[in-house]
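Make the full structure from the sequences, and use the hints.
One letter stands for each residue in the lines below.
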Amino acid sequence: DAGVIQSPRHEVTEMGQEVTLRCKPISGHNSLFWYRQTMMRGLELLIYFNNNVPIDDSGMPEDRFSAKMPNASFSTLKIQPSEPRDSAVYFCASSFGRGYNEQFFGPGTRLTVL
Amino acid sequence: DAKTTQPTSMDCAEGRAANLPCNHSTISGNEYVYWYRQIHSQGPQYIIHGLKNNETNEMASLIITEDRKSSTLILPHATLRDTAVYYCIVRVADNTDKLIFGTGTRLQVFP
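Sequence lines, in order, name chains A and B.
First residue of the first sequence: 8, per our numbering; consecutive thereafter.
First residue of the second sequence: 937, per our numbering; consecutive thereafter.
Honestly, I wouldn't trust all of these hints.
Stated by the list, open to error - If you anchor each label on the Cβ, the simulated ranges turn out as follows: (1) A/37 with B/968: 16 to 22 Å; (2) B/999 with A/87: 26 to 32 Å; (3) A/60 with B/993: 28 to 34 Å; (4) A/29 with B/1047: 36 to 42 Å; (5) A/59 with B/978: 23 to 29 Å; (6) B/978 with A/78: 39 to 45 Å; (7) A/24 with B/975: 30 to 36 Å.
Claimed, not checked - To give a feel for the contact side, a few chain B residues facing chain A, derived at Cβ under 10 Å: (8) 949; (9) 970; (10) 972; (11) 974; (12) 977; (13) 978; (14) 979; (15) 981; (16) 982; (17) 985; (18) 1023; (19) 1033.
Stated by the list, open to error - Below, a list of computed lysine-lysine pairs in the DSSO-like style, where the Cα atoms sit at most 27 Å apart: (20) A/75 with A/31; (21) B/1005 with B/939; (22) A/75 with B/1034; (23) B/1034 with A/31; (24) B/1005 with A/85.
Treat the hints as calculated values from the structure; they're not laboratory data.
For glycine and all other residues, C-beta sits at the position ideal for the given N, C-alpha and C.
Written out as structure tokens, the structure reads:
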């Protein structure tokens, strides 16, 4: 199994640009989670999906952030427009069943907004 | 939500047992204790979880006190590859899927 796949692994962009992060969960998993990690705030849950439906997006910082899961094998996290304070490592994780089952994390996308 | 308290950092000699404590004095009866770890520059990795009984798997053992107010993660023979940040997490009581990560314990295994 390839595990959770995230792309790109590194992204450098300028303030105001649109950024799209991508995630492919483990095949057969039906819950997907997006996290953000910074030195100041640690690891934060942004949003999670169950069976492609957003269940809780209370962690999404503001309207500039949006996430979609059009099918069971693909999800995107979009930031538009991006700001320097969005610089962080963004992790995607998936699990089989509900999230209290083991979550498998991807390698992360390191985003730098200049 | 039950909060957890962990030491900021710990050291352990290679080959020795690493015992990582966690306090969760406000834990509810139906809340599980989870442990994840994060090796530098990687995504977090699940280690083990438990409710009230002690648990063991190929990675570690989890000892939960009888009153469930604290627990200890034991790595029986620490290696240099076990150097990581270890997170003790209590699953939120509203039966959602959230795992709330705290600041964790930075374990340094030295030769």
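Results of checking the hints against the structure:
{"no.": "1", "hint": "A/37 with B/968: 16 to 22 Å", "verdict": "holds (20 Å)"}
{"no.": "2", "hint": "B/999 with A/87: 26 to 32 Å", "verdict": "violated (47 Å)"}
{"no.": "3", "hint": "A/60 with B/993: 28 to 34 Å", "verdict": "holds (32 Å)"}
{"no.": "4", "hint": "A/29 with B/1047: 36 to 42 Å", "verdict": "holds (40 Å)"}
{"no.": "5", "hint": "A/59 with B/978: 23 to 29 Å", "verdict": "holds (27 Å)"}
{"no.": "6", "hint": "B/978 with A/78: 39 to 45 Å", "verdict": "violated (27 Å)"}
{"no.": "7", "hint": "A/24 with B/975: 30 to 36 Å", "verdict": "holds (31 Å)"}
{"no.": "8", "hint": "949", "verdict": "violated (28 Å)"}
{"no.": "9", "hint": "970", "verdict": "holds (8 Å)"}
{"no.": "10", "hint": "972", "verdict": "holds (8 Å)"}
{"no.": "11", "hint": "974", "verdict": "holds (8 Å)"}
{"no.": "12", "hint": "977", "verdict": "holds (8 Å)"}
{"no.": "13", "hint": "978", "verdict": "holds (7 Å)"}
{"no.": "14", "hint": "979", "verdict": "holds (3 Å)"}
{"no.": "15", "hint": "981", "verdict": "holds (7 Å)"}
{"no.": "16", "hint": "982", "verdict": "holds (4 Å)"}
{"no.": "17", "hint": "985", "verdict": "holds (8 Å)"}
{"no.": "18", "hint": "1023", "verdict": "holds (8 Å)"}
{"no.": "19", "hint": "1033", "verdict": "holds (3 Å)"}
{"no.": "20", "hint": "A/75 with A/31", "verdict": "holds (12 Å)"}
{"no.": "21", "hint": "B/1005 with B/939", "verdict": "holds (11 Å)"}
{"no.": "22", "hint": "A/75 with B/1034", "verdict": "holds (18 Å)"}
{"no.": "23", "hint": "B/1034 with A/31", "verdict": "holds (20 Å)"}
{"no.": "24", "hint": "B/1005 with A/85", "verdict": "violated (40 Å)"}
Checked against the numbered hints above, the structure violates hints 2, 6, 8, 24; every other hint is satisfied.
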